[in-house]
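4 protein chains.
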Amino acid sequence: MGMMTGEQYRESLKQLKPQIYYMGEKIESVVDHPAFVPHVNAAALTYEMAQAPEFEELVTTTSHLTGEKINRFTHIHHSHDDLVKKVKMLRAIGQQTGSCFQRCVGHDGFNAVYSVSYDIDREKGTDYHQRFIKFLGEVQTRDMMVSGAMTDPKGDRSLPPSKQKDPDAYVHIVDRRNDGIVVSGAKAHISGAVNSHGHLVMPTSAMKEEDADYAVCFYAPVDAPGIIHIFGRQTNDTRKCDCTIDQGNAEYGVVGGEALVVFDKVFIPWEHVFMCGEYEFAYELVDRFATAHRQNYGGCKTGLADVLIGTCYLLSEAQGTERASHIRDKLVEMVYLAETLYCCSVACSCQGFALPAGSYIADPLLANVTKLNVTRHVYEIARLAQDIAGGVLATTPSEMDWRDPEIGKYVNKSMAGVADVPAEIRIRMVMVVEAMTCGTTLL
Amino acid sequence: MGMMTGEQYRESLKQLKPQIYYMGEKIESVVDHPAFVPHVNAAALTYEMAQAPEFEELVTTTSHLTGEKINRFTHIHHSHDDLVKKVKMLRAIGQQTGSCFQRCVGHDGFNAVYSVSYDIDREKGTDYHQRFIKFLGEVQTRDMMVSGAMTDPKGDRSLPPSKQKDPDAYVHIVDRRNDGIVVSGAKAHISGAVNSHGHLVMPTSAMKEEDADYAVCFYAPVDAPGIIHIFGRQTNDTRKCDCTIDQGNAEYGVVGGEALVVFDKVFIPWEHVFMCGEYEFAYELVDRFATAHRQNYGGCKTGLADVLIGTCYLLSEAQGTERASHIRDKLVEMVYLAETLYCCSVACSCQGFALPAGSYIADPLLANVTKLNVTRHVYEIARLAQDIAGGVLATTPSEMDWRDPEIGKYVNKSMAGVADVPAEIRIRMVMVVEAMTCGTTLL
Amino acid sequence: MGMMTGEQYRESLKQLKPQIYYMGEKIESVVDHPAFVPHVNAAALTYEMAQAPEFEELVTTTSHLTGEKINRFTHIHHSHDDLVKKVKMLRAIGQQTGSCFQRCVGHDGFNAVYSVSYDIDREKGTDYHQRFIKFLGEVQTRDMMVSGAMTDPKGDRSLPPSKQKDPDAYVHIVDRRNDGIVVSGAKAHISGAVNSHGHLVMPTSAMKEEDADYAVCFYAPVDAPGIIHIFGRQTNDTRKCDCTIDQGNAEYGVVGGEALVVFDKVFIPWEHVFMCGEYEFAYELVDRFATAHRQNYGGCKTGLADVLIGTCYLLSEAQGTERASHIRDKLVEMVYLAETLYCCSVACSCQGFALPAGSYIADPLLANVTKLNVTRHVYEIARLAQDIAGGVLATTPSEMDWRDPEIGKYVNKSMAGVADVPAEIRIRMVMVVEAMTCGTTLL
Amino acid sequence: MGMMTGEQYRESLKQLKPQIYYMGEKIESVVDHPAFVPHVNAAALTYEMAQAPEFEELVTTTSHLTGEKINRFTHIHHSHDDLVKKVKMLRAIGQQTGSCFQRCVGHDGFNAVYSVSYDIDREKGTDYHQRFIKFLGEVQTRDMMVSGAMTDPKGDRSLPPSKQKDPDAYVHIVDRRNDGIVVSGAKAHISGAVNSHGHLVMPTSAMKEEDADYAVCFYAPVDAPGIIHIFGRQTNDTRKCDCTIDQGNAEYGVVGGEALVVFDKVFIPWEHVFMCGEYEFAYELVDRFATAHRQNYGGCKTGLADVLIGTCYLLSEAQGTERASHIRDKLVEMVYLAETLYCCSVACSCQGFALPAGSYIADPLLANVTKLNVTRHVYEIARLAQDIAGGVLATTPSEMDWRDPEIGKYVNKSMAGVADVPAEIRIRMVMVVEAMTCGTTLL
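Residue numbers (this note's numbering), protein chains in the order written: chain A, 93 to 535; chain B, 93 to 535; chain C, 93 to 535; chain D, 93 to 535.
In short, the hints are calculated from the structure, not lab data. Given the structure is predicted, the values throughout are model-derived calculations rather than measurements. Among these hints, one or two may not hold up.
What the hints assert, rightly or not - Within a straight-line C-alpha distance of at most 25 Å, the following computed SDA-like cross-link-like pairs (lysine to any residue) qualify:
| no. | chain 1 | residue 1 | chain 2 | residue 2 |
| --- | --- | --- | --- | --- |
| 1 | B | Lys505 | A | Thr243 |
| 2 | B | Lys257 | A | Glu498 |
| 3 | A | Lys463 | B | Val424 |
| 4 | A | Lys463 | B | Arg420 |
| 5 | B | Lys422 | A | Ala382 |
| 6 | D | Lys422 | B | Asp479 |
Said to hold, decoys possible - Now the in silico label distances, taken between C-beta atoms and shown as ranges:
| no. | chain 1 | residue 1 | chain 2 | residue 2 | range |
| --- | --- | --- | --- | --- | --- |
| 7 | D | Glu302 | C | His418 | 38 to 48 Å |
| 8 | D | Glu516 | C | Glu117 | 18 to 28 Å |
| 9 | B | Thr218 | C | Glu149 | 37 to 47 Å |
| 10 | D | Ser250 | B | Lys255 | 26 to 36 Å |
| 11 | B | Tyr375 | C | Gln187 | 28 to 38 Å |
| 12 | C | Lys257 | B | Leu457 | 47 to 57 Å |
| 13 | A | Thr467 | D | Pro126 | 46 to 56 Å |
| 14 | C | Lys300 | A | Ser250 | 27 to 37 Å |
| 15 | D | Glu302 | C | Gly402 | 35 to 45 Å |
| 16 | D | Pro126 | C | Asp315 | 35 to 45 Å |
| 17 | B | Glu160 | C | Pro145 | 38 to 48 Å |
| 18 | B | Leu457 | C | Lys161 | 42 to 52 Å |
| 19 | B | Gly318 | D | Tyr375 | 29 to 39 Å |
| 20 | C | Ile225 | D | Lys501 | 30 to 40 Å |
Ideal placement from N, C-alpha and C gives every residue a C-beta, glycine not left out.
Use the sequences and the hints to build the structure in full.
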């Protein structure tokens, strides 16, 4: 036991038997199916970089529970330095993947549940915190990847959970037994769900007394009976199955591999239940998680922006436009927008503080500002990238045509740029920009 | 002869034998192949709406050549009213298609070549204008759809056409014969190219004396020997082949169906040559075309925005959020952004003026302002739409899963909104927003 | 009688005896007091340009009442051409003044009351429209300048007029007599009020039955007993009294010369009452006026922007920075922002329509879009202008120091730019930019 | 000796005899003249807050030279904590003054010269660093306020210093003597210059060998022979002399009190010369200073924004609009814009690093990002504030009219808001918003 390599992570996934559906098909192995491989690769990199000496300081740390060296994604922050290093780790990995690597969500869930379970116990005399510490110890020791599952489908958003026509619009307790609880409902667009070892499920909004059955937090293995994953569509998702270059980022994909996770009468033993009806703490848990997660965006998204900005610069070189002042201005503007995001993530981290449980949280106001900036700047960065790339972004012939013995030469001629850059290189760069700025990646 | 119905347009395409390649396949019939059908449908609507009494005033007009009733897309503008009606026609059609309908490009080409050929003749004593009038008469009488083919691949953009390593980086004359000229090169991302009757080819930039062979303007039938079309990739293009709902806009597609049009030693008879070496007029032709085309964007894009804004409003109703002030503010902002574009198109039209040839052109400065606003507002409108739609935009399960007898019920439950809106309706709306805001449609 | 010259306008003001207070002083003559002279000059230009052949087509037209040639500011629009020419007139005058010339407000009031009085009569059987036509005939024949007085102080904005603690928070009827009505209250920040011949007073919001006494519209001469004007402070207003260059625009000022107009039991004869209790039409009148006024902003503000952009260009030449790409980009951006405003005003004008009274109104939605763009673009234009001008904008020594025999040479040396531009010219340009971008002129 | 109180600071200024001119007048005492009092008050607060226990941790620290407690404005940063505390100190003081307090410029100059003099010595074998340490010791012990004087008038900005028509366009050495140097030229818009004890003069741009005489850095007492201060005009500056409320911020003013500082053959003894011809280091000094200064803006400007946002909220309460969603949205947007600036300043501080001299500097890229955000956000915050305040911002009657026994009652009535807020309070808030958003304060 201890930290896994990427290969060990892939092996560990093969031991599990989750129910996964995608485009009308039941998926046997996420590790092998081309629609899932890039997402597995991105998550695997969080294991691989922990083994690399140059990233050791960022991606590993010491467990406050065991004193053992652990992957930072399983760590509970205990200092400003922890918070800032999280942001730097996310940027470093994003620079490698150019895509979502999914593992931050569970990490933020660990930190949220750790501190809130402490608060519940203090006020209610429960023992959730000790249960969670025991579970977390296992996560750290086995180096588990756990999804953070918060967003419910929500149905009619003008109504609270208990007033929904269909009770399954929110995850809720359907039975309380001696040995545990039974839950039903669903969690929507959960990143990395299908290639995680399990799910950390949290409520999604503030609740009142009548919503008590919806105030539930627990862990469930990915292959627990009654859990069904329906993998969502992605922009250009079928390209993962029929070509390489046209994917833009064949290695790591373009999004986090989100899935709908359905809970159909799933049994959860008490040891994995961390909130069970304490509706007064539902908002606190959402808020702690949200702050932890908003803190991330100026890390990972800035790493992705670094890839995009670099690609745009190289593309302008390939097109012979890198000295044009309007191109340079756009590149500078992209850097400015990206670094502003980074500033926000760094600032909310170093202005964080200790919670009663002793763990550290980012400054909530500044984390919120981070998120607000992301929702604007990412679109603006994409706009500028598409402006630099030009119309070819939306009309490049397919890889199949480029490889075609008869007409491939025409594609080559039309995609050639300056004398010493082969068409293939320009095509690849264009496809990276398309993959990183189109469709769902804007979200 | 005379104006065609949509069906006659489709029939007319079947009579042609263009060479078209797409994703490694040679396409036999654009009218029947699912990757092309939506684009054919959108273009066909420009014929069908001309037959509809309620659109007659916008989509038809009277030929200044023959006095016959013609489709406005084949008309030479002769008044402010013509210019404004063009904008209103584009918005009206865009409201129907929610997608590019391609036929404006050739229309703008007609108007550009009409006026510039007059100017060349006046200065050079040539007879291009009469040639063009004869050709235009045929276009009007036969109600032809003609692409406007201007953008060359351009290779190294820091070099002029005659200095490129590969002369085919720009379309150029490779031979002058008694009966016509022979041309080679390519035109990139040409909207509607594969479902047009022919191409109106124009130069793409200002030129100097040494570039004279590149100062060439001509018409060529879509199936002229030596012309090869390579249809470009689009965001989510394969969805056209494997599903319906997931397309978002299965009827009309999401973009203009752009293709790379290769000219490999294509013979052009003199009657279809409208510029042949008069490099001093290359910039004028580009400029006239650009003004005509920039004028359009506040028409068509506003029509599309109307579809998107309406969908977002309905979607907010389905989600129970239509009364939230932040949702209302976003919808108002979208309207404001769209109507600003419309104002620009209307203003440049009614501030247009007559050229020496007697035809009318929009005000070039204000047309340029239109274009500048489009390049910003379209992204902002998309951002707001995605904000209203939420995360489901990027993660909705596939149509196949929704239709699945076993797991379809889970998709239904998770996609249900307020009590009286079925999940299918919400899914369809989400897919419309995805289709209209993702990827290549941002361009 | 007939159109006045600027001099005749000034003479006509001298015949009036309005009560005006400013900075603790009772003002005897607005034509002579330095705090008012620039505003009188700007208004006078609307008379002078009507006499100039090159502006005749824009600034004069033919009365639909008398068939006589009149100043357009007294005209009721009867065509799209009228609406568009109004916008062009405003831009042309704004290019001369670089400041508000005030006369549009009454003009918009004329058009609003003209059409609404017709609608009231049609529904209520009153004779307001004929009264108004008679009044308007006098306005046209005597070429009067009339303020448009709409905005009430409003007190507590969460309450309607009839619920205010102080009834004078809105203008209202305090007595109905055989020969007319008596009104009290005030109208706030009325442009050109002190140098007008009289005030056209209109209600400021939608009203209900209990607000009927507040639904009142009338004309009152500027020196009617009980009317008191309190002239508002302006940014840098005292510079009008103690220096010339430091004013930036000593000829025409920087704002419209707004005043608080108090009505303390003012008697209005019936012939000048155009609405008296018809609360159902209050909103319509506000709306008509608002549309007419919003239509203007892309005219006048664009004229001002032309002055500002030109000054910034000359200033960059004086500073030797006119070839820097970041300066050129900013100038282009300023043009783009200004012309977008112009597009909106032109578009709402040419998309206007006839009202039941036969007069024309701009398209309300597009006029509103015009206003929304103005509230954003004017600040952005100011920001860019200040960026080009640099820190000197806020720190230039006073004219008195520059004229000082001892230290003036140091000011000269520090304000000198390129070799052939004297410091005085640069100082003057800097002060124009300061005057046009600072403080109240942003509104 | 040791830290001064505000009173001692004022007393110390009275001991000096600087030459100061303003609006054609020679100023005898900045401590007593109403045009200068607010600026003196703002600077004095940097002394007073150092005495206040609640600000002690931010505004005081320990000298690395003497181990004595000193005012932070005289400190050389030696840790991330120092850098972050500087930002927090600036915000805290800005929240008190609502205006520039000037003392940061010299502080940034100290840090820049400290580290660059070290670098020069190391490469050139000079002893500038020791000279500077000795000078700095005096600054700390006597708690001096020193201006940072960098920006030259620059004349023709397309030419380097040595090519200017007038050599005095940049400060330069006119004579080298045994006991020191003689300098001429000027520094423009120097904050706090007239109420400082002396000036720290630095070069303003990168230089080449031929510009060596312009590569000069030195300290000069404010009353050194040959130094002449010409105080610049400010928006609404004369209000400081003729009223109180209309100033908006009568206590602390609205800008930094910038002056043109002329050097006419000023003698500088060697002990106060810190660079003398080492042109290769001119850029480094500019860059170090710029980084230190850009770091500040998210501190001080955010403090000012806090005042403005709070005032706008109170004003909306007074106007009865505080519950309107469009007002709340604007307030939230202002907070978002301000906190983004704060994030940037905090982030560049905690990502700073040690220089060879051992002192700490902020991260240059992120400090630049801070500055870029300030140049945009400050205008946007002002726009929103003016939007909330409304038209009254530009047209409120003067304080004299409000105090007038006859017409004051009308002003009172028109400026009254909700029932329990007196007109005076509303007027004062309006004037604060005007003062903080108009004119030169936007820079």
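Now the hints, each set against the structure:
With a CA separation close to 14 Å, the supplied pair Lys505/B and Thr243/A stays within the 25 Å bound. Among the hinted pairs, Lys257/B with Glu498/A is consistent with the structure: their alpha-carbon atoms are about 22 Å apart, no more than 25 Å. The hinted pair formed by Lys463/A and Val424/B meets the criterion: a straight-line CA distance of about 23 Å does not exceed 25 Å. Restraint check for Lys463/A and Arg420/B: the C-alpha separation of about 21 Å stays at or below 25 Å, so the hint holds.
With a CA separation close to 23 Å, the supplied pair Lys422/B and Ala382/A stays within the 25 Å bound. The suggested pairing of Lys422/D with Asp479/B holds, with an alpha-carbon distance near 19 Å, which does not exceed 25 Å. Restraint check, Glu302/D to His418/C: a C-beta distance of roughly 26 Å breaks the suggested window 38 to 48 Å. At about 21 Å, the CB distance of Glu516/D to Glu117/C agrees with the hint of 18 to 28 Å.
For the pair Thr218/B and Glu149/C, the supplied restraint of 37 to 47 Å holds, since their beta-carbon distance comes to about 39 Å. Separated by about 31 Å at the C-beta atoms, Ser250/D and Lys255/B satisfy the suggested range of 26 to 36 Å. In this structure the supplied range 28 to 38 Å holds for Tyr375/B paired with Gln187/C, their Cβ-Cβ distance being about 30 Å. Separation of Lys257/C from Leu457/B is about 53 Å and conforms to the stated range, judged on CB atoms against 47 to 57 Å.
A hinted range of 46 to 56 Å holds for the C-beta pair Thr467/A and Pro126/D, which are about 48 Å apart. Checking the proposed 27 to 37 Å range against Lys300/C and Ser250/A shows it holds: the Cβ atoms sit about 30 Å from each other. Distance hint check: the CB atoms of Glu302/D and Gly402/C are about 36 Å apart, consistent with the given range 35 to 45 Å. The given range of 35 to 45 Å is respected by Pro126/D and Asp315/C, whose C-beta atoms sit roughly 38 Å from each other.
A hinted range of 38 to 48 Å for the beta carbons of Glu160/B and Pro145/C is consistent with their spacing of about 45 Å. Separated by about 32 Å at the C-beta atoms, Leu457/B and Lys161/C break the suggested range of 42 to 52 Å. The hinted window of 29 to 39 Å between Gly318/B and Tyr375/D is violated, with their beta carbons roughly 59 Å apart. One distance hint, 30 to 40 Å for the beta-carbon pair Ile225/C and Lys501/D, holds here, with the actual separation near 38 Å.
Of the numbered hints stated above, those contradicted by the structure are hints 7, 18 and 19, listed in ascending order.
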